[in-house]
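Could you build all of it, start to finish, from the sequences and the hints given here?
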Amino acid sequence: MKRIISVVTLVSCIMMAFAQHDPEAQKLLNAVSKKYQSYSTVKIDFAIKGTNHQQQVTVNDKGELLLEPKSNRYRISMQDQEMISDGKVQWTVLKEEQEVQLTNVNNEEVESLTPTNIFTFYRKGFKYASAQDEKVNNKTLSVIELTPEDSKKQFFKVRLRIDKAISQIYDATVFDKSGARYTYTIVKLNPNQQFAAKTFIFDKGDYPGMELVDLR
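To convert, note that position 24 of the sequence shown is 24 in our numbering; the numbers rise steadily by one, no gaps.
Simulated from the structure, these hints should not be mistaken for laboratory data.
Every residue gets a Cβ at the ideal spot worked out from N, C-alpha and C, and that includes glycine.
Warning: the hint list may mix true and false statements.
[Said to hold, decoys possible] Computed spacing ranges between beta-carbons, pair by pair:
hint	residue 1	residue 2	range
1	Gln132	Leu189	22 to 28 Å
2	Lys88	Asp206	15 to 21 Å
3	Ser40	Lys135	31 to 37 Å
4	Val136	Asn106	31 to 37 Å
5	Ala31	Thr58	30 to 36 Å
Rendered as structure tokens:
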């Protein structure tokens, strides 16, 4: 489950002093957020790569995110797990454990970078500054590094790379205090798609034999 809800994505050895309001970084982040929030829905194909040397774990996975930005309803599908939310509660389907965990959603709290808040998480509780641009596959990527103001967070830095030409996040790397690093890469983004009404509702009939655990 940590692949989705903990350090997402993603390494950097740039030494810099972080300012609370780097004007250039803020301008670019606002442009990305404004574009994203103009969409009625978003469909994202993403890839996750990560390492946790402490636990000797390597992650190389991919998934799909369906999201309604204004309602915070989402569905994340991966090989061994799913997350479904109607904006108020979240169902986490753990396929290997044959278990579905039910929890409340706190849209105000930012404990980690996830696919659902990747476009807006920077707005509260972070210091950020621009770093040197990078070239990837003929794209010029602007780099922004963010640190949480709350030192108790489980991660100490988030590194965003943004395709400035289209105001879209290319990838995001989270640096966890445990030494783990995870990178989410947006492989494909399709806005304003039509989703079926039941997309963001958990249907127990679709998961026969699974135990429902209410953690609220």
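Hints the structure fails to honour: none
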